[in-house]
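S.K.: Sequence:
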Amino acid sequence: MDKAVQGQLLAHKARPRGRFPHVVRAGDFLFVSGTSSRRPDNSFEGGHADEMGTASVDIREQTRAVIENIRDILRSQGADLSNVVEVTSFLVNMNDFNGYNEVYGEYFDETGPARTTVAVHQLPHPLLVIEIKAVAYLPREVGTTRQGREGVIEC
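Per the working numbering, the sequence shown starts with residue 2, numbered consecutively.
Treat the hints loosely; a few may be bogus.
Said to hold, decoys possible - Straight line, CA to CA, 25 angstroms or less: simulated DMTMM-like cross-link-like pairs of lysine to aspartate or glutamate:
| no. | residue 1 | residue 2 |
| --- | --- | --- |
| 1 | K14 | D59 |
| 2 | K14 | E62 |
| 3 | K134 | E46 |
| 4 | K134 | D97 |
| 5 | K134 | E52 |
What the hints assert, rightly or not - DEER-style ranges, computed between Cβ atoms:
| no. | residue 1 | residue 2 | range |
| --- | --- | --- | --- |
| 6 | A27 | V119 | 33 to 41 angstroms |
| 7 | R116 | D29 | 18 to 26 angstroms |
| 8 | R40 | V119 | 21 to 29 angstroms |
Keep in mind the hints are simulated off the structure, nothing from the lab. Glycine residues also receive a C-beta, built at the ideal position from the N, C-alpha and C atoms.
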């Protein structure tokens, strides 16, 4: 990868289920890969199956966990949610839109990032009902003065 474009994996986050980083910096932009509520131990916030295998998912819990995972990824780069300029959300079921939108509004208001929400057939695990990718703007001179690069693995 070009030195002007750097991808990074975060040691304290669930490892991506493919060959891609959690975040890529290109110039003054940070591109956060599609993020779910998966924890480092491969369990899921807002999703579990009982002893009979019956799945239970909570769109509000998952949305909150996803946005907080994105927040943590951005903090590792010296940014935060206020730097986000674009969000693309993927919902398995558009009937979850209201719950997702309610929690989204706890983090972003109507002057927040541009947003697109699309329905998808499925995500990489049946307990996942939402995934979000984000783009943040952080001029390099600002990002280098903030704290937060612990646990970063350069790609």
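S.K.: Each hint needs a verdict: does it hold in this structure or not?
M.R.: Evaluated hints:
Straight-line distance between C-alpha atoms of K14 and D59 comes to about 21 angstroms, which keeps the hinted pair within the 25 angstroms bound. Taking the CA atoms of K14 and E62, the gap is about 17 angstroms. The hint holds against a cut of 25 angstroms. Restraint check: the Cα-Cα separation between K134 and E46 comes to about 17 angstroms, which is no more than 25 angstroms; the hinted pair holds. With a CA separation close to 18 angstroms, the supplied pair K134 and D97 stays within the 25 angstroms bound.
This hinted pair does not check out: K134 and E52 have alpha carbons roughly 32 angstroms apart, beyond 25 angstroms. At about 23 angstroms, the CB distance of A27 to V119 disagrees with the hint of 33 to 41 angstroms. A hinted range of 18 to 26 angstroms holds for the C-beta pair R116 and D29, which are about 21 angstroms apart. Distance hint check for R40 and V119: the Cβ-Cβ separation is about 25 angstroms, which falls inside the suggested range of 21 to 29 angstroms.
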